[in-house]
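There are 2 protein chains.
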Amino acid sequence: MASLSCALYLPTKCSSIRENGSINNIPQANSALSIQRPPVLDLAYAVAFNPATSLTAEQIRQSIPTEKQLTDPFRHGLIVEGGVRYRQTVVIRSYEVGPDKTATLETILNLLQETALNHVWLSGLLGDGFGATHGMMRNNLIWVVTRMHVLLDEYPIWGEVVEIDTWVGASGKNGMRRDWLLRSRFSGQVFCRATRHEHTWVMMNQQTRRLSKMPEEVRDEISPWFTETRAVQEKALEKIDKLDDNAKYVNSNLKPKWNDLDMNHHVNNVKYVRWMLETIPDEFMEDHQLSSIVLQYRRECDSSDTVQSICEPDEDSLPRDTNIRILTGFSLAPEILDGGGLLGTFDKWPTRYTHLLQIKGEKKDEEIVRGKTTWRRKKKKSLNSSH
Amino acid sequence: MASLSCALYLPTKCSSIRENGSINNIPQANSALSIQRPPVLDLAYAVAFNPATSLTAEQIRQSIPTEKQLTDPFRHGLIVEGGVRYRQTVVIRSYEVGPDKTATLETILNLLQETALNHVWLSGLLGDGFGATHGMMRNNLIWVVTRMHVLLDEYPIWGEVVEIDTWVGASGKNGMRRDWLLRSRFSGQVFCRATRHEHTWVMMNQQTRRLSKMPEEVRDEISPWFTETRAVQEKALEKIDKLDDNAKYVNSNLKPKWNDLDMNHHVNNVKYVRWMLETIPDEFMEDHQLSSIVLQYRRECDSSDTVQSICEPDEDSLPRDTNIRILTGFSLAPEILDGGGLLGTFDKWPTRYTHLLQIKGEKKDEEIVRGKTTWRRKKKKSLNSSH
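Chains as they are written, first to last, in the UniProt record's numbering: chain A, 1 to 387; chain B, 1 to 387.
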């Protein structure tokens, strides 16, 4: 129990400071109206602001630092590994898990996006909601993701404490690579590794949307953060075939709603993935878990676009009971293959799918993103659920 | 600056403990594969477990305490106000805000649900994902929400640090009331007040779905947590008219997807609200902000149900420029009324809407939830957005 007592001391001391601090001593209230507290100035990053600068009301509420910080107490974030890597501790929330009590893919992708931005936030470089630096904003430049690869060995469960590390590296002359590692805080087990690959963060001029070289000013801002460490050991760029309407599963007439837009008025990347996965039958989703997703982005999607989601099972991942038939010389009923522990890994469903999201135009269709997903059967042992 | 220095000291000290602690000292890794850490046992709530009890792998990962705890360091949660109220500090995440950079209603509702469960979690009473206590599980009982009222004076913005208080009280002989107060940590300004009213947490037998009296065992568990404080000063129960297909806005054929189910295999409450609000035209949503929502629940919705969302503007909240016409004796062009700062509060849209979600059955329709929403025009001054 020795290691436990140390660990218990840590958070308890941390929190009791907060609990006993004057900012939490709110007098007992008898009605809702008397619960109002006196204004408290506890801008955690205020030290980083130039006192000569006048801040807008929004800037005070957001308190984005303008100098590098080592910790973000409210987000449980800190800079580690020689001052370049960002680490954030999060607890998987009740509404972030699906029917099997594991975090949804959307939750994971959201947390990756969130920690990436928080990394830039803590670096003192954050200029806008895209994660653009001040130098980029001065040069009218934005980041555009071109490729992403997420590997999921296991999914965290409701209430689990998870540690997310993220860091960046150079990608060619004008790009940046961002990596993530998501693991259990208790056991250290790695749940998820992810990368935005090679030319992933290509810079484009905002008005003309042309590729742009990275100005020295921007390179000087971000290059001190670059490291060589890779979260994903990658092979050559995967080729993803372009699908058409003749694919097995097609969802048409998808329209972004106001709620689907992010703070930059674009359709949220995670919405793309939701559209992709909703094209696969629910029957498959109930028993399978995504183990890998590759996304190759072509263009953005506006709120006025009508989108089509196309999905095709990969032929070479088709039912493995075909092989069984060849091996045993006779066919087993699918239920036997499905239900039995003996052949529990065999499946009547393909395990790899190719995806395409495209904008249905009057004259021609335009690709938004191509994708490739790989799946595995869920473990039979489910969490204790009384319903 | 005196108050600042104190506040800065607080989180920095808190985090530096974490940073210097051995659990964060991970050796520099050269490749992803070497980033693995030795297993660390830092079960924050381990002290609350009976050492004689053998825990499942899931229970260890979740570490739900079986005795009352005063702090939850990983969630930034603590028990305040004489030991009955739960308070959690959260930062609004980048993907939790909409195009105007303010938290979406869905985010707010999710955070209310999350803090309610975390309150029960910290109380040591949590038995399942519904928030049922151990005594309830022994008696085969669940909570069923019957009514909810959320008031939103202002919306928190991206990156804002928010404090959420939640507490419970008695509601009649067999019910419970839960209240919430959500405010800015910096200014103390109240953003949101909410309550699940009167008979809200009625207990029903799980198999037969009949109302059940609250057993003494359960009353003894929860009554020490009851307080009289109210977050919302309520009038009599609001009557919400039942709508039919002749209403102005109707969305039919809504089907829950696998992703819409929560860990209890029910359609998430927040999905109900999304269906309701998506029935109002996007054109309205762009300029308006919800200030109040009342929900009266009738029955649950299964994954196999087909849902219809019906919405009707309230006549007595119809265009106020009609009144202007009466007052001034001539009609002003809507653009003048809309655009001018002088008459900026006038609007061509109604400000109150009645809602109904119902299951379309072969023989008859069944009500899921009735709702009433009240809206206000968004402030013209938007956050700095470069796109």
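By construction, these hints were calculated from the structure, which means they are not laboratory data.
You may find that some hints are simply not true.
If chains are identical, the list can't say which one is meant, so a pair holds when it fits in one copy or spans any two.
Unchecked claim - Derived DSS-like pairs: lysine-lysine, alpha-carbon spacing no greater than 27 Å straight-line:
id, residue 1, residue 2
1, 348, 360
2, 348, 213
3, 348, 372
4, 372, 242
5, 360, 255
- residue 348 and residue 372: within-copy, between-copy, both or neither at 27 Å Cα: within (19 Å within a copy, 47 Å between copies)
### Message
My question is about residue 372 and residue 242: at a cut-off of 27 Å on alpha-carbon distance, are they close within one copy, between copies, both, or neither?
### Response
Only inside one copy: residue 372 and residue 242 sit 11 Å apart there, 46 Å across copies, limit 27 Å.
_If the cut is 27 Å between Cα atoms, do residue 348 and residue 213 qualify within a copy, between copies, both or neither?_
This pair counts as neither: shortest intra-copy Cα distance 49 Å, inter-copy 48 Å.
| request: At 27 Å max between alpha carbons, let me know whether residue 348 reaches residue 360 within a copy, between copies, both or neither. | output: neither (33 Å within a copy, 33 Å between copies)
Classify it for me, residue 360 with residue 255: is the Cα-Cα distance of at most 27 Å met within a copy, between copies, both or neither? Both. Shortest intra-copy (11 Å) and inter-copy (23 Å) distances satisfy the 27 Å Cα cut-off.
Of the numbered hints listed earlier, those contradicted by the structure are 1, 2.
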